[in-house]
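Take these sequences, add in the hints, and give me the full structure.
There are 2 protein chains.
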Amino acid sequence: MDTKIPYKIYLSENEIPTQWYNVRADMKNKPAPLLNPGTLQPLTLDDLAPIFCEELNKQELDNDTPYFDIPEEIQNFYKMYRPSPLVRAYFLEKALGTPAKIYYKFEGNNTSGSHKLNSAIAQAYYAKKQGLKGVTTETGAGQWGTALSMACSYFDLDCQVYMVKCSYEQKPFRREVMRTYGAKITPSPSQTTNVGRKILSEHPDTTGSLGCAISEAVEAAVTQEGYRYVLGSVLNQVLLHQTIIGLETKKALDKYNIKPDIIIGCAGGGSNLGGLVSPFMGEKLRGEADYQIIAVEPASCPSFTRGKFAYDFCDTGMICPLAKMYTLGSQFIPSANHAGGLRFHGMSTILSQLYHDGLFEARAVEQTQVFDAAVQFARVEGILPAPESCHAIRVAIDEALKCKETGEEKTIVFGLTGTGYFDLYAYEQFNSGTMSDVIPTDETIATYLAKLPKVDK
Amino acid sequence: MDTKIPYKIYLSENEIPTQWYNVRADMKNKPAPLLNPGTLQPLTLDDLAPIFCEELNKQELDNDTPYFDIPEEIQNFYKMYRPSPLVRAYFLEKALGTPAKIYYKFEGNNTSGSHKLNSAIAQAYYAKKQGLKGVTTETGAGQWGTALSMACSYFDLDCQVYMVKCSYEQKPFRREVMRTYGAKITPSPSQTTNVGRKILSEHPDTTGSLGCAISEAVEAAVTQEGYRYVLGSVLNQVLLHQTIIGLETKKALDKYNIKPDIIIGCAGGGSNLGGLVSPFMGEKLRGEADYQIIAVEPASCPSFTRGKFAYDFCDTGMICPLAKMYTLGSQFIPSANHAGGLRFHGMSTILSQLYHDGLFEARAVEQTQVFDAAVQFARVEGILPAPESCHAIRVAIDEALKCKETGEEKTIVFGLTGTGYFDLYAYEQFNSGTMSDVIPTDETIATYLAKLPKVDK
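Taken in sequence, the protein lines are chains A and B.
Quick note: the first sequence uses our numbering, first residue 8, plus one each step.
Quick note: the second sequence uses our numbering, first residue 8, plus one each step.
Hints are supplied without guarantee of correctness; some may be wrong.
The list makes no distinction among identical chains, and a pair is therefore deemed to hold if it is satisfied within one copy or across any two copies.
Unchecked claim - In silico DSSO-like links for lysine-lysine, alpha-carbon gap of 27 Å or less:
(1) K11 to K262
(2) K409 to K15
(3) K417 to K315
(4) K86 to K411
(5) K262 to K86
(6) K101 to K135
(7) K140 to K37
(8) K86 to K15
(9) K172 to K35
Calculated directly from the structure, the hints in this document are not laboratory data.
Pasting the structure below:
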């Protein structure tokens with residue numbers, strides 16, 4: 008073992024970054040603005056005010072300020088679970104027999120089980136600061152809902168979570184963690200909102216969808232005094248909060264004079280990827296350094312690699328704002344056989360613009376290969392990874408094996424976003440050999456893309 | 008926030024202890040020897056050789072050597088998940104409004120979810136060193152089985168786990184983690200052993216018991232060439248391996264010149280409690296320092312507080328050795344309503360002797376109070392604790408509240424042995440208000456104690 012670099016690089020608590028970095032400030036081509044779905048005009052602070060918290064709206068629309076101070080209360084909360092370790096994957100390197108040096112930033116060592124807590128605590132803080140009574144949100148698998156429940160519990164805010172009905176029934180344990188943190192969980196669609204009642208009257212047997220849960224959560228926010236809606240990915244503000252991942256990673260690497268060659272992150276809505284790569288991307292945009300950055304997405308939901316860069320609705324219900332992004336069409340839903348998360352049809356507008364400008368590459372991977380990497384990783388590195396995170400592991404292993412062939416000693420850094428303790432049904436499918444790959448046909452994708460809204464921008 | 012003491016005290020990797028401490032070396036009254044259940048004579052190395060690994064048997068019987076070197080391979084493995092943090096519970100202190108200073112040693116940040124991995128890796132190492140093909144064990148809730156699966160995967164050892172049938176069926180996720188690490192899981196009782204077949208023929212509808220699973224695992228070990236049996240608690244060797252917890256805790260405290268007044272651990276078979284308190288107990292035995300040490304057990308399985316200090320069988324099946332310990336009788340089984348783990352009828356012989364000699368105190372707590380503490384802790388400290396660990400949290404909170412009354416600024420250290428991610432059924436019971444307390448009557452306990460084996464020692 009190379010004893011000069013510890014197995015786990017921990018920053019000390021006073022080294023935790025005190026500012027978030029806004030990569031938009033360094034982008035020449037700014038991300039396109041969100042559009043009001045009614046007027047198709049760029050959203051203003053006034054448009055956003057009834058739905059989201061004030062301070063968060065300012066963060067959302069600010070393309071120029073490079074750094075935002077992290078409020079002290081958030082810094083205090085960070086101390087519960089940050090700094091997260093940057094781990095040198097010595098055991099994985101040895102198992103692969105690669106000359107590559109592999110590092111992963113592990114965000115799973117908290118009860119929410121993922122990086123989602125980084126934005127949840129920020130959004131809960133600003134809601135509290137605004138004097139709100141509570142917030143509403145939706146959750147599918149439950150990671151975001153859990154993170155938000157923890158954050159709201161800390162600030163004594165009411166937390167109302169609309170949980171996709173099939174998840175509510177199939178994942179009672181996720182639901183129970185949220186209840187333990189005091190959140191109110193409603194299976195969606197429900198009788199508590201107009202949109203829920205409408206959907207139930209038309210489709211009494213529906214098991215729900217994320218699109219429907221979003222609609223209910225938004226309605227609940229705007230119809231209750233003192234409530235706002237919060238969202239766990241895609242938005243610019245979320246990427247901003249998640250830069251704590253990349254900033255810590257860079258600080259830890261700098262401490263040991265390590266310069267990464269390749270940086271890898273999984274991509275669903277983009278919050279983890281954007282957070283991890285932002286500081287490195289900033290250097291790249293400013294011409295100070297170069298890195299190979301790779302986004303990894305599921306072959307069953309390939310927004311970057313097979314989607315179109317165009318304005319589209321952010322939700323299946325087509326009531327949310329439009330974003331210019333890589334999209335498979337707002338009606339695209341990945342196969343039910345897909346087990347690995349990262350199911351969003353679109354992508355962060357920031358990442359979409361950067362990808363469009365050729366600043367990073369993207370790869371789509373099939374889920375059996377993803378779980379193959381997961382098991383290999385778990386057995387040598389100890390951690391049982393979340394299916395989402397395994398997409399990044401897959402490509403990190405692929406790149407390390409290329410180094411084995413070429414003899415190159417590249418330094419690879421990837422984001423290990425979370426743990427898989429609540430995803431064991433997917434592991435069971437893989438362990439039992441019943442997991443299959445599902446790749447949408449060209450015809451399927453073309454059909455959904457043909458339905459993109461016509462926006463003259 | 009007191010910024011002089013960090014929220015989390017992490018030792019550096021080169022500060023991880025390189026020796027385990029054997030508290031027996033400092034005990035004037037040594038723990039009574041295990042007895043051969045056939046001859047009622049003290050067990051010898053020869054008696055133990057067919058069942059357990061050689062090196063482990065030496066550790067088991069050694070009452071004199073104060074320190075054992077930790078083999079380098081185990082030290083390497085430690086780096087995956089150790090040092091574990093010693094956390095200052097600033098948020099809990101604030102919520103309680105106590106002048107007490109509360110610290111907890113958190114052993115849950117690994118995929119097995121608990122401290123069990125500390126002994127699993129040691130036992131797997133010695134099995135590998137002896138050239139064995141594999142090991143067998145039993146598991147109830149699954150923590151120990153998961154830890155052993157991880158350790159065996161690391162050393163490429165076959166791992167055969169007999170899992171109590173009702174757990175196998177009710178906890179498919181625990182089972183799946185073990186399978187992911189390559190272990191073979193058999194629901195017990197099974198058709199794979201004589202004892203299993205016998206039980207099934209007599210009780211075809213049984214859902215199994217830990218006692219039966221132990222019997223099957225032992226039979227599987229002694230009837231397969233190159234296999235031995237391993238056990239996750241109670242034994243002297245297990246306490247020895249678990250002293251890594253206490254040694255790290257003491258080193259972290261010493262680093263900041265912190266002297267604890269009270270040390271609290273939950274007690275089932277005693278592995279966590281013994282591991283945490285051993286170094287402090289050693290100072291107490293040598294007259295170098297004094298500490299108030301508190302063992303916390305469930306009121307539904309109160310070995311220390313209502314059991315008898317006597318020789319008894321270690322298993323329900325009465326085929327395992329006899330140990331002199333605090334016991335409720337080998338036929339005692341806690342109520343099925345009991346959700347909090349720590350179900351063993353007896354206790355480590357080391358801890359039993361120390362308790363008998365008045366070196367620490369014990370308290371029994373009811374489970375609704377335990378989960379009340381769990382939820383309070385989770386909401387302010389972020390971590391969702393294992394039900395076992397919550398017993399220690401309960402008493403830590405009680406002691407901190409006493410300090411609030413008296414104004415004393417005591418320093419309290421407790422062991423947070425693991426996370427509750429696989430125990431959410433119990434949380435659901437608590438959150439729904441359907442959890443009840445079950446305390447055995449005096450008559451019940453007297454009935455079981457009347458059946459203790461007659462041993463003239």
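Here is how each hint holds up against the structure:
Taking the shortest alpha-carbon separations for K11 and K262, both the intra-copy value of 12 Å and the inter-copy value of 23 Å come in at or below 27 Å. With identical chains, the CA atoms of K409 and K15 are at most 27 Å apart within one copy only, with a shortest distance of 25 Å there and 39 Å across copies. Proximity of K417 to K315 under the C-alpha cut-off of 27 Å is found in neither arrangement, the shortest distances being 32 Å within a copy and 63 Å between copies. Taking the shortest Cα distances, K86 and K411 sit within 27 Å of each other only across copies (25 Å), while inside one copy they are farther apart (39 Å).
For the identical chains of this complex, K262 and K86 are neighbours both inside a copy (20 Å) and across copies (20 Å), given an alpha-carbon limit of 27 Å. Only between protomers do K101 and K135 lie at most 27 Å apart by alpha-carbon distance; the minimum there is 19 Å, versus 48 Å within a single protomer. Within a single copy, K140 and K37 get their C-alpha atoms no closer than 34 Å, and across copies no closer than 60 Å, so neither meets the 27 Å cut-off. In this homomeric assembly, K86 and K15 come within 27 Å of each other (Cα to Cα) both inside a single copy, at 17 Å, and across copies, at 8 Å.
Taking CA atoms no more than 27 Å apart as the test, K172 paired with K35 passes in neither setting, with 43 Å inside one copy and 62 Å between copies.
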